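There are 2 protein chains.
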Amino acid sequence: MTKSTAKVAIIGFGTIGSGVARLLLEHKDRISRQTGRRVDLVKIVDPDIQRARNVAVPPGILTTDVSAVIDDPEIEAVVQLIGGLEPDRSIMLRVLQSGKNVITANKAVIAEHGPELFDCARKMGRTIAFEAAVGGGIPIIAAINQSLVANQIQSIHGILNGTSNFILTQMEEQGKSYADALAEAQKLGYAEANPAMDVNGSDAAQKLAILAHLAFGARVDWKQIPRIGIDTVDVAEMRFARELGYCIKLLAVAELVAEGLQLHVAPTLVRQRSTLAQVHGAFNAMRIVGDAVGRVFLHGLGAGQMPTASACVADLIDTLLGRTAITFNTLQLWSDAREAPVSLRDPSSVPGRFYLRFNVADRPGVMAEITGILGKQKISISSVIQHESAAEAGGTVPLAIMTHTTSEGAIREATDAINRLAAVHPGTVRMRVRD
Amino acid sequence: MTKSTAKVAIIGFGTIGSGVARLLLEHKDRISRQTGRRVDLVKIVDPDIQRARNVAVPPGILTTDVSAVIDDPEIEAVVQLIGGLEPDRSIMLRVLQSGKNVITANKAVIAEHGPELFDCARKMGRTIAFEAAVGGGIPIIAAINQSLVANQIQSIHGILNGTSNFILTQMEEQGKSYADALAEAQKLGYAEANPAMDVNGSDAAQKLAILAHLAFGARVDWKQIPRIGIDTVDVAEMRFARELGYCIKLLAVAELVAEGLQLHVAPTLVRQRSTLAQVHGAFNAMRIVGDAVGRVFLHGLGAGQMPTASACVADLIDTLLGRTAITFNTLQLWSDAREAPVSLRDPSSVPGRFYLRFNVADRPGVMAEITGILGKQKISISSVIQHESAAEAGGTVPLAIMTHTTSEGAIREATDAINRLAAVHPGTVRMRVRD
Chain H
1 MTKSTAKVAI
11 IGFGTIGSGV
21 ARLLLEHKDR
31 ISRQTGRRVD
41 LVKIVDPDIQ
51 RARNVAVPPG
61 ILTTDVSAVI
71 DDPEIEAVVQ
81 LIGGLEPDRS
91 IMLRVLQSGK
101 NVITANKAVI
111 AEHGPELFDC
121 ARKMGRTIAF
131 EAAVGGGIPI
141 IAAINQSLVA
151 NQIQSIHGIL
161 NGTSNFILTQ
171 MEEQGKSYAD
181 ALAEAQKLGY
191 AEANPAMDVN
201 GSDAAQKLAI
211 LAHLAFGARV
221 DWKQIPRIGI
231 DTVDVAEMRF
241 ARELGYCIKL
251 LAVAELVAEG
261 LQLHVAPTLV
271 RQRSTLAQVH
281 GAFNAMRIVG
291 DAVGRVFLHG
301 LGAGQMPTAS
311 ACVADLIDTL
321 LGRTAITFNT
331 LQLWSDAREA
341 PVSLRDPSSV
351 PGRFYLRFNV
361 ADRPGVMAEI
371 TGILGKQKIS
381 ISSVIQHESA
391 AEAGGTVPLA
401 IMTHTTSEGA
411 IREATDAINR
421 LAAVHPGTVR
431 MRVRD
Chain E
1 MTKSTAKVAI
11 IGFGTIGSGV
21 ARLLLEHKDR
31 ISRQTGRRVD
41 LVKIVDPDIQ
51 RARNVAVPPG
61 ILTTDVSAVI
71 DDPEIEAVVQ
81 LIGGLEPDRS
91 IMLRVLQSGK
101 NVITANKAVI
111 AEHGPELFDC
121 ARKMGRTIAF
131 EAAVGGGIPI
141 IAAINQSLVA
151 NQIQSIHGIL
161 NGTSNFILTQ
171 MEEQGKSYAD
181 ALAEAQKLGY
191 AEANPAMDVN
201 GSDAAQKLAI
211 LAHLAFGARV
221 DWKQIPRIGI
231 DTVDVAEMRF
241 ARELGYCIKL
251 LAVAELVAEG
261 LQLHVAPTLV
271 RQRSTLAQVH
281 GAFNAMRIVG
291 DAVGRVFLHG
301 LGAGQMPTAS
311 ACVADLIDTL
321 LGRTAITFNT
331 LQLWSDAREA
341 PVSLRDPSSV
351 PGRFYLRFNV
361 ADRPGVMAEI
371 TGILGKQKIS
381 ISSVIQHESA
391 AEAGGTVPLA
401 IMTHTTSEGA
411 IREATDAINR
421 LAAVHPGTVR
431 MRVRD
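Just so you know, the sequences run in chain order H and E. In terms of my numbering, the first sequence opens at residue 1 and continues consecutively. In terms of my numbering, the second sequence opens at residue 1 and continues consecutively.
Just to be clear, a hint being listed does not mean it is correct.
Chain copies aren't distinguished; within one or between two, either way the pair holds.
[Claimed, not checked] With a straight-line cut-off of 35 Å between C-alpha atoms, the simulated DSBU-like cross-links for lysine-lysine are:
no., residue 1, residue 2
1, 223, 378
2, 123, 28
3, 7, 123
In short, the hints are calculated from the structure, not lab data. Just so you know, these numbers come straight off a predicted model, no measurement behind them.
Bound conformation, chain H alone (with noise of 0.2 Å):
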C-alpha cells in the first residue's frame, strides 16, 4: 500500500477511451483499491481534443501528441485504443519500445501482427493485455489463459460478433428482414455505416484466430479461416429453424477432431434448448469444452464502451500488480517457443448434421426424388418441413431438411444432384446444425 503512484496514459479517446477515463477519473479510488497503488491517468492522446465525451477531463491532460506519452519515463502503462491496423501497430511498437507495457481492445492488430508486437514487447521485457479484444467485458481470454489451463482445451462455440447477433435476433424475434435488421443496428449504433467486416464473419474469424492461438497454440492467418457472414442469411430461413426446434446463430469453432484442429465461421442451427441459443441481442458468449472442467459456459456484452473498458481496466490492474508479467511470460504468445501441437484440418472434411432448404415444384414426385438422391449419400434424414402452399398447386414451395450426422463431401454431392432437378428452382440454402 506504500508503492508508489502509478502513472497510466489513454492513447485514442474515442468511445472505449473515454469509457476507460471514466473508471480512472470518476472511480479513481475504487481502482486504486483494487491496485493496492494510487493509479493517476496523467495523459489522453487523440488527433481530436475538442469533440465533447461524456466524461470530465481535468486540464493539462488531453493532448494530441504522442510523444507526451512516449517521451514520459513515469508512465508505467498505456491503454491504447486506436483500432485499426495503422497507425496503431506502429504506435504500439513505440510504447513498447519506450518501456511501458499495452493494454489493447483491437482484435484486429493482435490478429494480424501478433508475433512481431508480441516479440517486440519480450525483447523490451514489457508486456501486452487484451482481455478486451475478444469478448468486451467478459473473462474470456483469462478463462483460457489462466483458469482452465489444468485442461486441454477441446473444443471452443463462440457468437463473438454482437453485431451480427443484434441483426440475427431481431430478424429471429421481429421478423424483419436481413436489410431491416441492419439498418436497425446500425441506427442504434451496433453496427458501423460500413459493416463488412461485422456481417461477413471476418471479426469473429480475427478473434477465432486469437482463441486458436491460446487453446491449441494453432498460429493462423484469420484470413485463411473459412467463413460465411449473416449476409447470407434469409428471414425464411428463422421460421423453418424454429418449427425443427432450433435458432440461427453465427458460431466460431474451435475443435479438436481427428488429425487436427478445425476452425471456421458459420451461421448454425442450435437446439432452442441449449445455452447458445439464449444469447440475444449484442451479448456475446463462449462455450468451451475442457478434458478435465467439462463444459463450461461464459455469457456477456462483448461490446460497448463501459463493459470494453471493465475488461481494460482489469487488464490494467493486472499489469500494474505484475500479475500480466507472469502469465505473459509463463504463455510465450506468438513466439517460437510456442509450438502449434496440431495441424490446421479442413472443416469441409469434418462430419455434421445439415439443414437443407429447397426451392420445388409443387407437385407430386418431388420429395421421393430428392429423398432419393440423399439415400443414395447415405444421408440419414432426421427430421422435414413442407407446408401447404399458399398459392395454387403448380408453384413453389419451400422444402426443409435435417440430416443425421454425414459428411461435407456427401452433402455436397447429393445438393448438386438435387439442384440440378427440373423440380428443384435456384435459391438452395445449406447450413451447418450443431448437435
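Keeping the supplied structure of chain H fixed, place chain E upon it in accordance with the hints.
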C-alpha cells in the same frame, strides 16, 4: 523454464484428491509446461492408503502421516482436500505455519474459519487459494477477484448447489416427487447419504457468504443468512410455475439495495427464457451484474471429480507462478484492512414479486375473498391459475397467484389473512419471483 522443480503434495485422497492426482501424474507435461517448471507430486496423505482409486500412484508417495508433508521443507504447496471443519482447519494451520501455500476446495472451512486461516497465511507470508470452493470448475472467484475488479458489483444470483439443482430438474422434467428425486440423486452419487446441508440451503449459504465477502467486503456468518431449502418444494409447484412461464431454482442472492446488502438463499421462480433457467442437472451458474460490465453469466459443472480438480490445479499453477500471492496480498481477504462498505439488510424488507399457492374450497366467492384481501394490501396480481377440479364441486382445488412488486410485509399480512379464511385449507406456499 530453467527454474527448479516444484514439489507439491495432496492431503486428502478422496474423490477430488484423486482427480488432482490424476491431472498431476497423468498430465505432468501439460501442467509443467503451463507452470514453466517441472511440477512433482511427492506426497499424498490419507488415513486410508489401501482403498483403490482411479489413478495409479508411483511407490513412495502415499502415506498416512501428515508430518511427511509438514516436515518436508522442499514442498512448496499443498492441495488440501479433507473437507469438513476438523481436522481440516488444524491441519491447514500447520501446513501454513510450516511455510507452505495452501490450495483448498473446502467452502465450509473458509466460510467458518476464514479470518483465522487468512490471518495465519498473512503472518507466514503464504497464500490460500480456493477457486474450487465455489462453483467447482467455473472460474467464479477469479471473475470477482480479478476480471471484474474495475466494477462495483451490484448483484450476484447463483445456482451454487448442484445437488439441489439436480433434484429440482428431476422434479421439473420427470415429474418426480421430491423424495423420489432425492433418492435418484443419492443413487447417482449427486447427493450424500445425509443430504441435509445440500437440500436445506446451508451449502449454498456458505458459498454465498464467501462471495459476499469477495464482492462486497461483507463479513457475514453464513448461519445468519436467511435460507430456505428445496426440501420445502412440492412437485405440484413445478407445473404451476411452468404454466406461468417460469421454473423453480434454488437461488443464492447477494444484492446491493437501498441502505445495504441483502443476502438470502431460497427456491425462486425464474423466467423460462432466462439464462438461469437453462441451468439443468448438477450444473452451477452465476449471474453477476457490475456497474461497468453489465451482466456476466458463468455456467459449468459445480462439483464432481475432474471439474473440481481442474480448479484446484489452476490454483496450484497460479500459486507456483506467484499470481496467487499478488492477488492475496492486494485483496487482504478476511483482514481488518478490508472493511465492510455495506451493512446487511433484512431481505424480508426488500420489495419483490411473489408466487402464492393456496388450497381452496371449490365453491363460489372464494376468489373474490382472496383477491379482495390482496387488493386491501395494495398487492397487484400479474397472473392467476385455477384449473377445473377433477373431483366433484365442493372439493379442494389449488389456486396459484403471481403478484407484481410488493413488500414482504404486505405479502405476509395478506397471506396470514387469507389463511384465516374458512375456504382456505392448510398448505399455503409462498416463493419469491425473480424478474
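Outcome of the hint check:
{"no.": "1", "hint": "223 with 378", "verdict": "within (34 Å within a copy, 62 Å between copies)"}
{"no.": "2", "hint": "123 with 28", "verdict": "both (32 Å within a copy, 30 Å between copies)"}
{"no.": "3", "hint": "7 with 123", "verdict": "both (23 Å within a copy, 31 Å between copies)"}
Checked against the numbered hints listed earlier, the structure breaks none of them; every hint is satisfied.
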